[in-house]
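Colleague: Each chain is listed here by its residues.
There are 4 protein chains.
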Amino acid sequence: MSFPARHLSAPDLAQRLALVRDSSQALVDGLNPEDCALQSMPDASPAKWHLAHTTWFFETFVLERFAPNYAPFRTGFRDFYNSYYHAVGEQFPRAQRGLISRPVLAEVFAYRSHVDAAMQLLLGAETLPEDCLALVELGLNHEQQHQELILTDLLHLLSLNPFHPAYRAGACSASPPAPPLGWSRFEASIVDIGHDGIGFAFDNEMPRHRQFVEAYEIADRPVTNAEYLAFVGDGGYQRPELWLSEGWQVAQAQGWSAPIYWRRQEGGWQEFTLRGLQPLDPSRSVSNVSHYEADAYARWASARLPTEFEWEHAADSGARGILPGAVWEWTSSAYAPYPGFRTAPGAVGEYNGKFMANQYVLRGGSCATPASHIRPTYRNFFPSYARWQFSGIRLARDGSIR
Amino acid sequence: MSFPARHLSAPDLAQRLALVRDSSQALVDGLNPEDCALQSMPDASPAKWHLAHTTWFFETFVLERFAPNYAPFRTGFRDFYNSYYHAVGEQFPRAQRGLISRPVLAEVFAYRSHVDAAMQLLLGAETLPEDCLALVELGLNHEQQHQELILTDLLHLLSLNPFHPAYRAGACSASPPAPPLGWSRFEASIVDIGHDGIGFAFDNEMPRHRQFVEAYEIADRPVTNAEYLAFVGDGGYQRPELWLSEGWQVAQAQGWSAPIYWRRQEGGWQEFTLRGLQPLDPSRSVSNVSHYEADAYARWASARLPTEFEWEHAADSGARGILPGAVWEWTSSAYAPYPGFRTAPGAVGEYNGKFMANQYVLRGGSCATPASHIRPTYRNFFPSYARWQFSGIRLARDGSIR
Amino acid sequence: MSFPARHLSAPDLAQRLALVRDSSQALVDGLNPEDCALQSMPDASPAKWHLAHTTWFFETFVLERFAPNYAPFRTGFRDFYNSYYHAVGEQFPRAQRGLISRPVLAEVFAYRSHVDAAMQLLLGAETLPEDCLALVELGLNHEQQHQELILTDLLHLLSLNPFHPAYRAGACSASPPAPPLGWSRFEASIVDIGHDGIGFAFDNEMPRHRQFVEAYEIADRPVTNAEYLAFVGDGGYQRPELWLSEGWQVAQAQGWSAPIYWRRQEGGWQEFTLRGLQPLDPSRSVSNVSHYEADAYARWASARLPTEFEWEHAADSGARGILPGAVWEWTSSAYAPYPGFRTAPGAVGEYNGKFMANQYVLRGGSCATPASHIRPTYRNFFPSYARWQFSGIRLARDGSIR
Amino acid sequence: MSFPARHLSAPDLAQRLALVRDSSQALVDGLNPEDCALQSMPDASPAKWHLAHTTWFFETFVLERFAPNYAPFRTGFRDFYNSYYHAVGEQFPRAQRGLISRPVLAEVFAYRSHVDAAMQLLLGAETLPEDCLALVELGLNHEQQHQELILTDLLHLLSLNPFHPAYRAGACSASPPAPPLGWSRFEASIVDIGHDGIGFAFDNEMPRHRQFVEAYEIADRPVTNAEYLAFVGDGGYQRPELWLSEGWQVAQAQGWSAPIYWRRQEGGWQEFTLRGLQPLDPSRSVSNVSHYEADAYARWASARLPTEFEWEHAADSGARGILPGAVWEWTSSAYAPYPGFRTAPGAVGEYNGKFMANQYVLRGGSCATPASHIRPTYRNFFPSYARWQFSGIRLARDGSIR
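From first to last, the protein sequence lines stand for chains A, B, C and D. The working numbering applies: residue 179 is where the first sequence begins, and numbers increase by one. The working numbering applies: residue 179 is where the second sequence begins, and numbers increase by one. The working numbering applies: residue 179 is where the third sequence begins, and numbers increase by one. The working numbering applies: residue 179 is where the fourth sequence begins, and numbers increase by one.
One or more hints might be untrue.
Stated by the list, open to error - To be clear about the criterion: a stretch of chain C counts as covered by chain D if any three or more of its residues have a C-beta under 8 angstroms from a C-beta of chain D, and this derived list gives those stretches:
| hint | stretch |
| --- | --- |
| 1 | 316-322 |
| 2 | 332-344 |
To be verified - Chain C residues, not near chain B, derived (Cβ > 10 angstroms throughout):
| hint | residue |
| --- | --- |
| 3 | Pro250 |
| 4 | Pro358 |
| 5 | Glu365 |
| 6 | Gln432 |
| 7 | Gly433 |
| 8 | Trp447 |
| 9 | Thr555 |
To be verified - Partial pick of chain D residues on the chain A-facing surface, computed with a CB cut under 7 angstroms:
| hint | residue |
| --- | --- |
| 10 | Gly348 |
| 11 | Glu424 |
| 12 | Gln427 |
| 13 | Ala512 |
| 14 | Ala522 |
| 15 | Asp576 |
If you are wondering where the hints come from, they were derived from the structure by calculation, not from laboratory data. All residues carry an ideal CB built from backbone N, CA and C; glycine is no exception.
Produce the entire structure from the sequences given, and follow the hints as far as they go.
Modeller: What follows is the structure, encoded as structure tokens:
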């Protein structure tokens, strides 16, 4: 395992497990079974699937291996809830996750209880091997990642509904007014990048290594809706010179004219949010933009996106307004292994490494990100076209241009 | 209206309305909200949608026009549950019916109750115009058509589930053993085709008119699973000379090797049914085959499909074993207007006529068809590739070949 | 063979062969090798392919079987130029016919000469079996069908060229002014349909049989550009109530707003023709419309398309202005086998029969049709969406409406 | 212009122009017009198009602006041969370049002569502005890039031909036997990356800047066919654990089982080359592999691809066997702007920068690359799936693992 060297103890993990598992389930409180069963597009998954797949993770990677008397909840789940681990076996086709009515939501809840009980039993045992503890901690962080996906996928699903239903009243509610934009400046230097191994981190955050970073400036807050609206108003979506060639093609083919959840209405711009359709809040960070849009906006603003190394260095240096924001922030860095990167042995080696192609790194965290996940070294990643994440824009510029 | 000249009375309609509406709802008794919300493919619709759309039909075509004080249940439903009536307004995209979690099933039930009450109020009124009564009767027959679709669409949905869930224990249960195949022979003659206008019929069954039919023979029962299995075993799906060119292309592109719900397993062939996965019943009529497969089978059997005129003439003549069967029976007739066909004025004119292209007529009725729909003149129609209907095969052959 | 009972003699066939083969080659006189090599869409083929495939037909079906000492021009051609005959062997993928630069045009000419010489040698032999003569005659008619396709496919190819190149100065030049529209009326009767077997006919024109035809009227000339322009001007492409549902979907998805070769320009409508871009001729028959458009126009004009039986009966009866026209005329009849239809044994049995699904019959002939092909019983057929053929509209209406 | 500060003189450019233009035309000597007109896929272009587009480049960017009396060869060419420059105007759809038979090849030759004469006239003028000279030099380098594409695109076209035609006897002929694999080792350091501005370079090679590179080793020759064959034989294409997730999906969807031009035949492996079908040469560098395949091979070989910085540093350091090879070498670096990158003003600013998304950098050069293009700083780039370039594999590994 390239995961943390020193782990939480079994009792600590047992306590965190209860908390994390409860908070997942709390996300669907008040939803209907239908809300949790539908899949709005192949990139998204039903909430019910997220709740089951995170359970499957514990069952497959922890209980199967370390709890010899464990009886699987239902044998067919092994393939059915396998997301993408070839080493585990077959996978049910991703695009068809929303075509499965049964198990119904209540049965998924029962599955969760079954596995939770077995996990608590296991963690109460006298001694557990190191890699078991590491896998439990990985499972917790994995589930927290899916907590955010539950929200982003629900938002996308509800956004297709002509009746504009709200997910929940206060969800990801409005941020305080944005201050005027300021910049932090850093001189060229060799910087240390990546996680130091103290506490949990994903394998893709390691190993810690050196990068040379030229002088740069980085904005002290993300781009706001008001600023992005100026871009839209200035013909931002009609001017190919502002766009990457591939971005322009995608935007034309799909008819983009604003961020995915913006709605132009008679009384002005609205935004579809987890709280339903709301007037566009000018002071809030623009959210749910693709890498293509972020890049075009930056070009229009005579700036650029930061590299992930600039971003991490600024965060490490305590630069003003870097951690945390309300949106993930696209960087200009393609998602790639750090020098010396090694995948973990076994199936969990498939966790991150095999996705290091044609995706871009996002840094920071969003209103939907569990707070414990927000750290300077965390590397989120999505394809350039992805718009259904809470992804925004932080500007940077070369230090030499001042 | 080209619909019936003499209608049921308002009290009769009120009684039938209650029965038909209840039987629709009974079809989803015991199902979960998830079962009713999912859409397995663009050609199918969620059960919840069928329940709402049939309600919309009464609301839009009857209550809006004839019940002046009627308050719509929810304004947005007018577009949302419009299937394909351009004259009514916009339509929600068909392929996205399964992306809508709300209204939830319980709200659709409330919608049904709301409209049912208004309909009963209307039908209790002293006098109602003729075309109002005609539209109510059309609405009842419309809803009965959707009752069958609820079952065919649920079967398709459940068939994708790796856990093989059953819809209901006794649904469309096995038929009695098939007798040996016999033939009825008819000489060449001018025959009368189409509905005579006494009692309800759809516009596409009219006007009654003449056709010349050459001498023919028609089988006295549909093709059985045992017979179709012989076709499969004889390489039926590997021999292009048996197939229409287009059918061969579709079959190759989609990897057909047996009817859609057949499953080859270690212990022999199984069939996925509304009762779950069952051993293939050799004496049961082969079901859920496309027009392409029906045509290929007939060629393999040195026979052909009947024309819809031959079929109707045989049924009218009381030929043995024509009415009713357990499956719809593909004919060789393309779906086309009868000579002198006129569509009804207004939106209901879109009911049948505009689909008269590139579809083939099926005659008879299936185990899922309401009994009152089974009549010699009824014209069902689906595209050549359709396999998710309870569609089977009846053979015919030229009279001159004996 | 269901082909003609009494054939041309070998010397007559030899003479016709020379004429037909020369006229094919004359169609590409003055063209460049590039013109003959490109394929504009999967439905069309390069002219070079047509010239080679028609040659392959003689080589495969006649020389291989009846000329024992014949040496194939090049062995690989047997699969390469096989269009769709499974009984002959593999087929090169149709959509890739335009990806093959070699054999170059000159080599195809050499192939033609090689086969022509062998054919003349064969036809000079003392005695030839009946089915050999029948296959030669079929091959001649087959080649004549491809002569028309050479022109329709070239027109489509050149229509994509922004420089509007003409095929040839006088090709399919303008027709004389259209007379005012008149109608011929026929009473209900049993009519004889299909070819009587005297002289050549394709298998799909047989057997001759009876149909009952209700009273009808049929127009004495095809619809003109001026008439069709009125339909366009009246919003014909924006009114769903005029269209078949499937036609409306296709028209919307592909953005149809006029016939495929019409171009709206500043000075008025132009039409791209084999003679290049020309002002739209109001008196000329509208051409290159799909079945969907023909059907919509007829509905707009309070008429309908004739059935193929009405058309043939009118032509047989010598009705005014039926034979020949400048365009093929869409009928409302789906392409289906006649009662008692039998395919020929062997590979040529694949010639027509296997395409009898989801296509519509056209009758008559066009400016590009060899004159000897124009006869009352000839059945041309294309899918509803096809627009690259010289296909137009003749109106009909029920006799009872007068 | 971010292009070179000190240019070749006008007379030198005139001389080079003649040479470069002649060598382009020499590439199609002996080909048929059909060979030059076809487009085998949207990513490739007809040879005729390359010959015209490179001419258009001079006409549009040089003659239009600096030769006031220049008369365009044909006005429509401005849009027709515009590849992707939005600032110039409309572009003819890329995927349809192979649907245009005219202008024929001879007319393209005439176009070339017309522009060549005007260019020579211009370059003979007394004084020319600096940016004119820079654009001429860019045009020459641009044309040289297309020379390689002419060959790669022809190879792909001919590879689809069932008759395996050769492009030319000696083209890209076999390389000498590969020596045993050795490695060069470099310690961690800050390295200078990018072009120093002396002599020509593309804008994407600048500005020169610093990168930190950890200790690494790099192979002294590319991977051979024999080595790659061992990967194939070891189930390389059947083992998902060796592949990036996206690469595995592409490989499965497209049925990859070996490099695109390898053919498994009875007598052993063959490779389709510009010289026709040849026995696979075990000592030759494996070529025409995608980034996905290169990455999977490296993982199988317990190594990795080099970063583009490692590669350039090794080349700059004179490491053994880096420059030149017979194949372009995939690096692990996503194509991205260098720190401080600026695009040139005007339309040529679209030359490189807008493609910096979801592509990977290749370094070195191939047997088809003009020798003057091979320099340590040159950055070629293609998407991960691209297989029709002469792209191979050079291995690297972390310095710390020894």
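Colleague: Evaluate each hint against the coordinates.
Modeller: Taking the hints in turn, this is what the structure says about them:
With 0 residues bearing a CB less than 8 angstroms from a CB of chain D, the stretch 316-322 of chain C misses the requirement of three and the coverage assertion fails. Counting residues of the stretch 332-344 of chain C whose beta carbon lies closer than 8 angstroms to any beta carbon of chain D gives 7, which meets the minimum of three for the stated coverage. Against chain B, the non-interface label of Pro250 of chain C holds: every CB pair exceeds 10 angstroms, the least being about 24 angstroms. A cut-off of 10 angstroms between C-beta atoms confirms that Pro358 of chain C is not in contact with chain B; the least separation is 27 angstroms.
Here Glu365 of chain C stays apart from chain B, with its beta-carbon at least about 13 angstroms from theirs, past the 10 angstroms limit. For Gln432 of chain C, the condition that its CB be more than 10 angstroms from all CB atoms of chain B holds, with the nearest at approximately 16 angstroms. Against chain B, the non-interface label of Gly433 of chain C holds: every CB pair exceeds 10 angstroms, the least being about 18 angstroms. Distance check on Trp447 of chain C: its Cβ is at least 28 angstroms (rounded) from any Cβ of chain B, clearing the 10 angstroms threshold; non-interface status holds.
Every beta carbon of chain B lies more than 10 angstroms from that of Thr555 of chain C, the smallest distance being close to 18 angstroms; the non-interface claim holds. Interface hint status for Gly348 of chain D: violated, as the beta-carbon distance to the closest one in chain A is roughly 37 angstroms, over 7 angstroms. Given hint, Glu424 of chain D at the interface with chain A, holds; its Cβ is 5 angstroms from that chain's nearest Cβ, closer than 7 angstroms. Below 7 angstroms, beta-carbon pairs count as interface contacts, and Gln427 of chain D has none with chain A, the closest being about 10 angstroms; its hint is therefore violated.
Below 7 angstroms, beta-carbon pairs count as interface contacts, and Ala512 of chain D has one with chain A at about 3 angstroms; its hint therefore holds. Residue-level restraint check for Ala522 of chain D is violated (minimum Cβ-Cβ distance to chain A is 12 angstroms; threshold 7 angstroms). At its closest, the beta carbon of Asp576 of chain D sits 5 angstroms from a beta carbon of chain A; the interface hint therefore holds under the 7 angstroms criterion.
In this structure, the earlier hints numbered 1, 10, 12, 14 are contradicted, and the remaining ones agree with it.
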